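If you're matching them up, the sequences are chains S and V in order. Count along the first sequence starting at 1, add 21, and that's the number in this note's numbering. Count along the second sequence starting at 1, add 7, and that's the number in this note's numbering.
Hint data in this document are derived by calculation from the structure and do not stem from the laboratory. Check the hints yourself; a few may be wrong.
Claimed, not checked - For lysine to any residue, the following SDA-like pairs were computed, each having C-alpha atoms within a straight-line distance of at most 25 Å: (1) K195/V with K48/S; (2) K195/V with K120/S; (3) K48/S with L9/V; (4) K195/V with D724/S; (5) K195/V with Y721/S; (6) K791/S with Q255/V; (7) K141/S with T246/V; (8) K120/S with E82/S; (9) K195/V with R600/S; (10) K791/S with A48/V; (11) K195/V with T727/S; (12) K791/S with A91/V; (13) K195/V with R470/S; (14) K791/S with R284/V; (15) K195/V with S263/S; (16) K195/V with E660/S; (17) K295/S with S263/S; (18) K141/S with Q255/V; (19) K195/V with R473/S; (20) K141/S with S270/V; (21) K141/S with A127/V; (22) K141/S with V267/V; (23) K141/S with G53/V; (24) K141/S with D266/V; (25) K37/S with G469/S; (26) K141/S with T55/V; (27) K141/S with P63/V; (28) K141/S with R251/V; (29) K791/S with D266/V; (30) K141/S with S14/V; (31) K791/S with A127/V; (32) K195/V with R144/S; (33) K791/S with R251/V; (34) K195/V with R794/S; (35) K791/S with S270/V; (36) K195/V with G274/S.
All figures in this text were calculated on a predicted structure; none of them were measured in a lab.
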Amino acid sequence: MDKPKLNIVGQETRRKDGVARVTGQEKYTPDISLPRMLHGRILSSPYAHARIRSIDARPAEEMGAVVLTWDDIPHVRYNERIITVPSVLHKDHYVLADKVRRMGEAVAAVAAETEALAEKAARAIRVEYEVLPVLLDPSEAIKDGAEPIYDTAMWGTNEIPISGNIACTRNVEEGDVDQAFAQADVIVEGRFNTQKIYHAQMETKSCVCRPEPDGGLTVWPTTQSIHNVRILLGQIFDIPLSKIHVKKVPVGGTFGSSIQMNPPIPICAALALKARRPVRLTLTREEDVHDHTRYAGEIHLKLAARRDGTLLGAEMELVGDIGAHNIQAYSYLGVSIGWLVSLYRLPNVRYHGTAVYTNKAISCAMQGFGNPQVTFAAESLIDELAEKLGMDPLELRLKNYVGLGDTFWGQGPTVRSVVLSDGVPQLLHRGAEIIGWEHRPKPGSQTGRYRRGIGLGRGFHTSSAGAPQPGDVIDFSGAMVKVNTDGSVDVVTALMDHGGGTLEAIAKLVAEELCVPLELVNLAPAETGSTMYDCVTHATRGVYAGGGAAVKAARQVRQELKETAARFLNVMPEALDLRLDKQSGQGVVYVPSIPDRRMTIQEIATRCWTESWKTIAAAVSFRPTNCPPAYVNVFVEIEVDTWTGAVRTVMAAMGSDCGTVVNPVMAAGQLEGGLNKGAGYALFETNEWNADGQVAGGGYWIDAKTAAIGETPRLADFITHFADTWEPTGPHGAKGIGEAATNPVAAAYANAIYNAIGVRFYELPITPEKILRALAAENASDPH
Amino acid sequence: MLPDYDSLAPATWAEALAALAAQPDVVPIAGGTNVVVGMRAGELRGRTLMDINRLPELHGIRVSDGHVVIGGGTTVAELLASPAITEHAYPLHQAAAAFANPLVRNRATIGGNLVDASPAADTYPPLLVLDAEVELVSLHGVRWLPLDQFVLGVNQTERRPEELLRSVRWPLAPERSAGLHHKLALRKGTACSVMSAAVRVDTDQLGRCTAARIALGAVAPRPIRAHEAEQSLVGESLTEVTIRRAAQLAGQACRPIDDVRSSAAYRRRVAEVVVRRLLTAVDLELKEGAQA
Ligand SMILES: Cc1cc2nc3c(=O)[nH]c(=O)nc-3n(C[C@H](O)[C@H](O)[C@H](O)COP(=O)(O)OP(=O)(O)OC[C@H]3O[C@@H](n4cnc5c(N)ncnc54)[C@H](O)[C@@H]3O)c2cc1C
Chain S
22 MDKPKLNIVG QETRRKDGVA RVTGQEKYTP DISLPRMLHG RILSSPYAHA
72 RIRSIDARPA EEMGAVVLTW DDIPHVRYNE RIITVPSVLH KDHYVLADKV
122 RRMGEAVAAV AAETEALAEK AARAIRVEYE VLPVLLDPSE AIKDGAEPIY
172 DTAMWGTNEI PISGNIACTR NVEEGDVDQA FAQADVIVEG RFNTQKIYHA
222 QMETKSCVCR PEPDGGLTVW PTTQSIHNVR ILLGQIFDIP LSKIHVKKVP
272 VGGTFGSSIQ MNPPIPICAA LALKARRPVR LTLTREEDVH DHTRYAGEIH
322 LKLAARRDGT LLGAEMELVG DIGAHNIQAY SYLGVSIGWL VSLYRLPNVR
372 YHGTAVYTNK AISCAMQGFG NPQVTFAAES LIDELAEKLG MDPLELRLKN
422 YVGLGDTFWG QGPTVRSVVL SDGVPQLLHR GAEIIGWEHR PKPGSQTGRY
472 RRGIGLGRGF HTSSAGAPQP GDVIDFSGAM VKVNTDGSVD VVTALMDHGG
522 GTLEAIAKLV AEELCVPLEL VNLAPAETGS TMYDCVTHAT RGVYAGGGAA
572 VKAARQVRQE LKETAARFLN VMPEALDLRL DKQSGQGVVY VPSIPDRRMT
622 IQEIATRCWT ESWKTIAAAV SFRPTNCPPA YVNVFVEIEV DTWTGAVRTV
672 MAAMGSDCGT VVNPVMAAGQ LEGGLNKGAG YALFETNEWN ADGQVAGGGY
722 WIDAKTAAIG ETPRLADFIT HFADTWEPTG PHGAKGIGEA ATNPVAAAYA
772 NAIYNAIGVR FYELPITPEK ILRALAAENA SDPH
Chain V
8 MLPDYDSLAP ATWAEALAAL AAQPDVVPIA GGTNVVVGMR AGELRGRTLM
58 DINRLPELHG IRVSDGHVVI GGGTTVAELL ASPAITEHAY PLHQAAAAFA
108 NPLVRNRATI GGNLVDASPA ADTYPPLLVL DAEVELVSLH GVRWLPLDQF
158 VLGVNQTERR PEELLRSVRW PLAPERSAGL HHKLALRKGT ACSVMSAAVR
208 VDTDQLGRCT AARIALGAVA PRPIRAHEAE QSLVGESLTE VTIRRAAQLA
258 GQACRPIDDV RSSAAYRRRV AEVVVRRLLT AVDLELKEGA QA
């Protein structure tokens, strides 16, 4: 398709919030301080599984603290994340714990004049616990006779029993799987294990809450969705939404950790309502580390193929460790099979997913929402299959991948759309050329201390969870665009910027549509009362869905500019066009055949003002009817030190098909970050729990092992490249990028390690230790 | 979150020593990078913190009388920036460079590292191979202890509660001596050692080893010297054979544990590899020195 010429989108520009962020002037939630504000602290459980016998709050109250216990909170069970439609939403969470199910769970909370007093008061509260056996391993938790973590939970409006600690299950069957396997020439199979890791977002979860005289609340939370926080607070505290004002506050990174309304928010609200004063509550790092992780689980995957490499079918079984609460287990089970069938054309599939409760930090979406796990399994097996078939792994991928014209249901069985833009062949060939794919060694052919290997991982993420018909995932957005009296433009959106430049992109898309310079587009401060609903900035949907809404609004404004100018110029609106006049630095509305028949946007807006006419503006809702794949592939060349087991990244080439590249520098930054996070996940990052259910290392970052800047390959050895594509359903041809950038990385490392030393790993992280152990097993003699 | 605590800020050295002598619950705090972490985890309840950062007696790096002498309050960042350390204590310079991250290095002190005495404390192995001694001072007097005798076990040292660690010193190395340090961790910055090692070899004019020091961190309840490995090198030239044997002996000297950073088996295994690499590199350096 012929791509229209773009003026602003795709240019390198300076971030609007850049100066504030790098000079420390940006105000995050913990920086907010209100008159008469109290300081909140939670009393976290020192046990991972316990019944609460009694709470004596008097010692804290005698110190002058306001104390919140079970008796003070509304006994409403809710789910912190309301992206899943209410009818299939599981709810097992209260504002404070009814029973302790993980270490660090909030049992009570206090608010006091100073943080030190709050801390002291929280420690003074006396709690009697009845300690219960701690379940850390899903395979133990589902055994007969295992201590039940829950008796019941809500599913929709029904209370359902929970047995065997199974939170939910999901089965999918399409085609005839038994026949596919019976007809197969080759079958490959593996059991893949992945670990829980901490999001390691820079800002810990935080909230400031002010009770209002009318019984309402104003809230400054750490969140990815101001509207869902508002809805949930309304439901829990029974306050009309018109009285709840949730402000959009810059967030210090999330990686998915604040898709849900995180625990400090309702606790802070309840404290503020009880104290009748503003309260601020910020988690410590140790508390935050115990609060959330990526989903972990075991994936048993089987693929059937014909001798020519055509995939015939797959069977997948997933047992997921969801930790102490069910935030989105049902969706997680759904998307997990969605990721698989949208990676490769698998006409026949059978899937069984089980989500199991354990007494560990709560699993929630983290960069990829189950996708890195499934892609690790699938991309490892595809390499094994290629080897069995004697095929080039790259050719096998090209033969089977879900691409142009194929049906795609990445976000689960109910979210189906057709692929309309596909840069996969370009990306694969370009990456292969950069890394020297042709010259990769034969697996296991090397001897000597240092062994090099090249590996490929291919993946994608969906841009949004949109589809032609509503499914079990809520996904729509909104935006307001208005032209000010001087011709500058306000964009009002509920979308959040987690650091990747989402809002910057939205400003650029609007500037492009209205032909105004980017400096004249303002990202207006926003809150729930002043924005159209948006579900949440997640699912790689910020640019695609949020930007899509903004462009839809801008398109209406563009039309109104033409109609208004038509009256002033006495021409037909259809005869008018817009362009950016670089000389005047202004957008102009003009008649192409009569060059002097023109008005700048400033002139139009000023005249609308002085002639007491109107504000040119539009407010829209936008439902994406597609969720196009943002494809990524990564080639890594690594070097294994067979003496220490250490893996060094020699070179990497990562290619992205995000449609139109809106912010080239930030898009490259997304890929660099994705590689770094993915490499940590692949090679060394893990959260382990001791038998009591405490995160090993106590929740200090020193042992969290999140990849840091030192682990990034030198940028000279890390090439990023972009496909030349245009997504017809996207804003100015754009799709998403963020999560896609990390999804295939672990698989690429596993494949590269196999290529270097001839050993395949089915468990992440592939630590130096595991590599040494495997080499020792291969070669019992001393490999020195 | 920090609990409430009382604090003292003595203006003079004498005041500091007096406070320590008078109140057994006083805990000195230097950079606080161990103390504060401990307090957050609920340790040191009801203790009084005494800020010792402003005492001039604890600062300064000088070379005199054939020794390098550094104040106990010297920060790791200061070590890293000091030309005297680079010249006279290269393994310590390397340990400082691999220590934590720039923020922590600005606060963390050598005194705190030695007194905290974690098995993984990174300044121990280099100081052990440099033959360092520590100076302990109280109202009752001054005593010097070889570092190897100062450290006893996990977070245990010979320091008495009323003593401050005023300085650390070590003799300048003889000619034809070279030393190196290496830290193995699960990532490059802000990481505790999986294991670490320092070696130093002194040689005669013929290139034969007259004395060797091999020290290992995070492989036993305290940082250790691998005496048998050291002995095996004395009188020998460094060759592939002697290096390999010494490295094996060093590996056997380890008494590691399994923990969140690594298994015991892996520690023992990589200790051997790292010592071998260090001895090989030291040998190269000595040979280059001889040619120059
Ligand atoms: C994020 C992080 C990363 C870290 N990384 C590393 C690392 O890579 N390598 C490593 O070895 N350590 C590391 N540590 C541990 C710590 O930084 C070091 O042990 C540091 O040297 C301690 O020094 P300090 O001045 O902060 O000690 P403090 O915490 O102030 O004190 C530690 C102990 O020493 C006592 N003390 C301090 N000074 C004196 C003195 N002059 N006389 C008598 N007693 C004294 C104190 O009473 C206390 O018992 C890390 C810590 C953190 C928080």
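The hints, checked one at a time:
1. K195/V with K48/S: 31 Å, violated
2. K195/V with K120/S: Distance of about 41 Å is beyond 25 Å: violated.
3. K48/S with L9/V: Between K48/S and L9/V the Cα gap is close to 24 Å, so the pair holds against 25 Å.
4. K195/V with D724/S: 12 Å, holds
5. K195/V with Y721/S: Status holds; Cα separation ~17 Å.
6. K791/S with Q255/V: 21 Å, holds
7. K141/S with T246/V: Status violated; Cα separation ~62 Å.
8. K120/S with E82/S: The given pair, whose Cα atoms are some 23 Å apart, holds under the 25 Å limit.
9. K195/V with R600/S: 51 Å, violated
10. K791/S with A48/V: Violated: K791/S and A48/V sit about 31 Å apart, past 25 Å.
11. K195/V with T727/S: Satisfied, since the Cα-Cα distance of roughly 11 Å is no more than 25 Å.
12. K791/S with A91/V: Given pair K791/S, A91/V is violated - Cα atoms ~41 Å apart, limit 25 Å.
13. K195/V with R470/S: 21 Å, holds
14. K791/S with R284/V: 21 Å, holds
15. K195/V with S263/S: The hint is violated at about 51 Å.
16. K195/V with E660/S: 17 Å, holds
17. K295/S with S263/S: 20 Å, holds
18. K141/S with Q255/V: 53 Å, violated
19. K195/V with R473/S: 21 Å, holds
20. K141/S with S270/V: It is violated: about 38 Å lies between the C-alpha atoms, which goes past 25 Å.
21. K141/S with A127/V: 33 Å, violated
22. K141/S with V267/V: 31 Å, violated
23. K141/S with G53/V: The given pair, whose Cα atoms are some 12 Å apart, holds under the 25 Å limit.
24. K141/S with D266/V: 32 Å, violated
25. K37/S with G469/S: With a Cα-Cα distance of about 52 Å, the restraint between K37/S and G469/S is violated, given a limit of 25 Å.
26. K141/S with T55/V: Satisfied, since the Cα-Cα distance of roughly 17 Å is no more than 25 Å.
27. K141/S with P63/V: 35 Å, violated
28. K141/S with R251/V: Cα-Cα ~57 Å, so violated.
29. K791/S with D266/V: 15 Å, holds
30. K141/S with S14/V: 17 Å, holds
31. K791/S with A127/V: With Cα atoms ~22 Å apart, K791/S and A127/V stay inside 25 Å; holds.
32. K195/V with R144/S: Cα-Cα ~37 Å, so violated.
33. K791/S with R251/V: 24 Å, holds
34. K195/V with R794/S: 22 Å, holds
35. K791/S with S270/V: 10 Å, holds
36. K195/V with G274/S: 22 Å, holds
Against the hints set out earlier in the document, violations occur for numbers 1, 2, 7, 9, 10, 12, 15, 18, 20, 21, 22, 24, 25, 27, 28 and 32.
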